[in-house]
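Relying on the hints, combine the two individually framed chains into one complex.
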Amino acid sequence: MIFTIFKKELKDTLRDRRTLMMMLVIPVLIFPIIMNVFVSISASYQKEAATKKIKIGMVGAKNNFLYNELNAIPSSLGAKEIIFYKDTTEMLKDLKNDSLQLASYVRPDFNQYMDSMKPAPIVFYHNATDMGMQERAEAYMKIIEEKAKQERYKKLGIDEIKVQPLVTEYKNIASNKEMIGKLAGGFLPYIFIAFGFIGCMYPAIDLFTGEKERGTIETLLTTPVARWQILFGKMGVVVLSGLTAATAALFGLFMSIEVLDVVDNKEILEIIHSILSVKFILMLYSLLIPLTVFFAGVMIPIAVYAKSFKEAQSIITPLNIVMVLPAMVGFFPGIELNTVTACIPVVNIVLATKELIAGTLEIGLVALSFSVMLTLAVIAVIVSYKRFDKETNVVM
Amino acid sequence: MIEVTNLKKEFILSRQQQKELNTKDKTALAVDSISFRCEPGRVFSLLGPNGAGKTTTLRMLSTIFKPTSGSIKIAGIDAIENPQEARKKIGFLTGSTGLYARLTPNELIQYFGDLYGVSKADLKERKERLYHLLDMNEFQNKRIGKLSTGMKQKVSICRTMIHDPEVVVFDEPTSGLDVITAENIITLIRDCKNQGKTVIFSSHIMSEVDLLCDDMAIIHKGKILFEGTMQDFRSNMQADNLTAEFIRIVHASQNA
Chain A
1250 MIFTIFKKEL KDTLRDRRTL MMMLVIPVLI FPIIMNVFVS ISASYQKEAA
1300 TKKIKIGMVG AKNNFLYNEL NAIPSSLGAK EIIFYKDTTE MLKDLKNDSL
1350 QLASYVRPDF NQYMDSMKPA PIVFYHNATD MGMQERAEAY MKIIEEKAKQ
1400 ERYKKLGIDE IKVQPLVTEY KNIASNKEMI GKLAGGFLPY IFIAFGFIGC
1450 MYPAIDLFTG EKERGTIETL LTTPVARWQI LFGKMGVVVL SGLTAATAAL
1500 FGLFMSIEVL DVVDNKEILE IIHSILSVKF ILMLYSLLIP LTVFFAGVMI
1550 PIAVYAKSFK EAQSIITPLN IVMVLPAMVG FFPGIELNTV TACIPVVNIV
1600 LATKELIAGT LEIGLVALSF SVMLTLAVIA VIVSYKRFDK ETNVVM
Chain B
3 MIEVTNLKKE FILSRQQQKE LNTKDKTALA VDSISFRCEP GRVFSLLGPN
53 GAGKTTTLRM LSTIFKPTSG SIKIAGIDAI ENPQEARKKI GFLTGSTGLY
103 ARLTPNELIQ YFGDLYGVSK ADLKERKERL YHLLDMNEFQ NKRIGKLSTG
153 MKQKVSICRT MIHDPEVVVF DEPTSGLDVI TAENIITLIR DCKNQGKTVI
203 FSSHIMSEVD LLCDDMAIIH KGKILFEGTM QDFRSNMQAD NLTAEFIRIV
253 HASQNA
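Chains as they are written, first to last, in my numbering: chain A, 1250 to 1645; chain B, 3 to 258.
One thing to keep in mind: the hints can contain errors.
Simulated crosslink set (SDA-like; lysine to any residue; CA at most 25 angstroms straight-line) [stated by the list, open to error]:
no.: 1; chain 1: A; residue 1: K1260; chain 2: B; residue 2: L149
no.: 2; chain 1: A; residue 1: K1559; chain 2: B; residue 2: R104
no.: 3; chain 1: A; residue 1: K1256; chain 2: B; residue 2: Q142
no.: 4; chain 1: B; residue 1: K126; chain 2: B; residue 2: N139
no.: 5; chain 1: A; residue 1: K1556; chain 2: B; residue 2: L105
no.: 6; chain 1: A; residue 1: K1302; chain 2: A; residue 2: I1331
no.: 7; chain 1: A; residue 1: K1556; chain 2: B; residue 2: N24
no.: 8; chain 1: A; residue 1: K1635; chain 2: B; residue 2: K10
no.: 9; chain 1: B; residue 1: K148; chain 2: A; residue 2: G1464
no.: 10; chain 1: B; residue 1: K154; chain 2: A; residue 2: F1255
no.: 11; chain 1: A; residue 1: K1556; chain 2: B; residue 2: Q19
Hints are computed from structural coordinates only; laboratory data are not their basis.
Keep in mind that this is a model prediction, so the values were computed, not measured.
Just chain B, with the same shape it has in the complex (with noise of 0.2 angstroms):
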């Protein structure tokens, strides 16, 4: 379960900034009181366009940035007041996220699972699981530097399940895959969602979210402009498609 109240995100601009961004205003509000609630054992997506707040709002998720005000609370712990609690109960992945180049998958993952405190018979049990599911029994032991994408991206799908988490993160995990590696992570996703995971993931691709998402959020200049299911979407919707609905909702909130 995350349960998100009133998250609020404020950055300084530095001089440099300013002058690339053309303001004189000395913060930048990236994400605006936002609320909403990701239910276990359902899929929730995050849909917005580039610059909306998506990945700001991913990353106060997984702990890696401080909100400026408002709540999160990750499977019942306080993310703000306990944020490696919350980290441990949380995987986190994303379509940009690299990886050790010079390590070889087995000493990746063998890093991720001390790092998370996983017991050397569950890191054993879960490794050759997720290896005989990835398919990634052949090139274990390669330098991941030689790997292609594809092997990649099932190491990072590893990497992100060792620790069984009970909440998973995706910022737009299929971002510059093609269709065939694109699919691991489709199917990773739902995976998560028969286990009784929360999953939630920012996309910025409509197909993708109808693909996948139970309930959905549209985000866009770090306000919410849409919360509901998706069936609450499609019954609701005034264009013809949902790609088309999508740009409808963000180009009236343009000019609202």
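Just chain A, with the same shape it has in the complex (with noise of 0.2 angstroms):
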């Protein structure tokens, strides 16, 4: 019987357009459309940073040491054109109407300061909305800094090496795959929580208050069928939505990758393709699962219990936040799975998913996670039936 229903409620939820449009279209559409996007506007960027010619304003006097410099520095480094101005007024005005990138100001008496050997004062103007320019400065400066040091030591005659005392070398021991696990490895687990809730909520709603609100509940309580097995029934089409939701924004994550070319860099992509084995996957999905029953055990009830859509809609969407919050932990750096994170119910899966990305994870502490999610699915499933059988609130 739980199938016969699980089989019509699939073929229910198969037909409407906004569940389909939640639980499949959207989650693989998302990242292909975001990704390239991005991809795309990123290198347009870059492709526009690299190849600007930028105005630098300069008030100082004529041929001063920065402006031979910069002049000095080949084009092939960012094309630009020096701008002189009586006062330093004038020149911020244009900085900030954008007719200039960078400003910069050299005091009248700088050669003095070179021609001493005393440091030297320089000020760069910069707009920090206008991207980039800070960098762009600091670039040159490198240059003109590195360039004038070896002068200074030639003519104090200094061998360069004996005033560096010291060598010091920072080794990595940590694998790429460790790295992107631990550093990236949060995204996947965010995208499978966030889009596993979304994919659970509208199928949730439509068959549960969807049911009460189009009247055929009542028929369908007059069957010889068990409530738990309507129940049942009804929540697996629920968790295999949620399921399908995170699945398909996953398979456009990997098309995104696949297809579109987002990732450039071979090795990184070579990492990718060996965390992406049948074990990973496995493992994954035997950590989500609980978490998607989860999620359905915590929206049936509120479904249930609301009269309308809208209502469901409203109580369920805010809630959305509170579960998927804790899946940001992820992103931070240095949050660790252990015996105490283990227990957090949402943060368990997501610092599990990492440590399995990682290659680093420990089986004890998966069984306490995967223990902890399981145990909340069944109080949900629990608090699920109580709500269904009470009869007030599944007619209206």
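Okay, structure coming up:
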């Protein structure tokens, strides 16, 4: 009987355009669209930034040190034009209205500082909303400073090696897979949790509140099928929808990487391929199935209680934030799976998935996370049953 | 056969409901110790104004609601002890019943046939008979959402009868229907009676009751004010017509 109800509800759900959009179309398309837009914008921005001729305002003596050195930098490092101003007020006004991209102030006595080998002051003005301009100034000054330093060493007759007392080398012992897992691994479970929740939401409302609102639940309850069987049949569709939406989102993400070539680095691409093994996918789903059952179990009592689609939606939508917010813990570096975090629902799944991607998973902690989620899923199912069995909640 | 003895239903009121009803009572008594009996081959009508307790009573008979106390026997089965077995014997139809708009009549009938455990052969035979009788062949594969009210009503009837129930419960089955569509229901009730089924239907329209029923009970504020045959009712009338007599009985109970 559970399967008969499941089959019918699945057919009904797959014919609902709204659910279909939330369950399949949006999750599949969202990442290819976002990534495509992001990659194209970022590529065009980089191209523009590299080729853009910038105008640099300058207040200072003609042929001052900075002017000469800036002009000496080849335009392959970024084309530039230097415009002299009499005072900083006019120059800063032009910087503010975007006629200039950078502005500089060189003191009239700048050359005296240089001659007496004192630190010579230069002020660069930039507009932080004009992205990349501070970096451009820093890149120029790195070259100019290095050249000036070499000249002073030469004048003073100092061997550069002798003023460099230490040579420190930092070696990373973490594999790239571990780094990706720990730093970016939180993204994967976040997607799964966010889309899993949204995927569960519409079928839960449609199959419970919707049935109540349309007046079909009454006839279903007069059939010789136990209420728990009706609940399980419907719940199965809600869980499947959540898992489908999450899988569709992951599929979309995978397609973005494979088809749209959003990852240029071959090494990273190889690591991503090695992460996506059958074993990884099976372990991921074993963690995510109880989570999705938990989501369904949280939504169903609300959907059973609500009198209209609108009411159910208005209660469940804010719940989305409460449920999905802990998933953002995955983005913070340093928070790891331990006996405490393994007991926090949602957070444990995110951290366990991160460890799974990094390949540093402790099986005891995964078992603990799985048990916590399974217990919560069972509690959520019991609560759902109690609600569904309450006659005044089911029939309007 | 339906046998109802001392049936009582009390609802616990939430704070919100207490506010809405402007009462401090924590419970509301919807049905107050009612007893009646519906015989096979006869049509029993539960007549009462809105809010009298008709729907609650019929929902208890069809096991959607659990009674607070009392007993219900459906075709000899204790419906409180063994609701699932009792449901196999019941066909339930209400005027407000919706249908799954995204399914076709064929899919819906198949679904309910499966839920009632109807064998493939029986389902095929009953489907053919009912489709022919109700003239449903033309629209059997169209989505229910695209059907007219009359067509939907026919699908509802077919769904109610697909497991050949011994007892048929109709809760205000003609409410909101035009006379032509309502005629399908009238015919169905007569057919059920001729087939020896036990039929109970609720209504607040006296003329409909007069047209169909053999036995009747008038219910008001959860209590039965009259129970007997239609013939008894007519012969003991104090008012000029049936509707006036129904109103007189209800008013008399309020003044008592």
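Okay, which hints does this one fail, numbers in order? none
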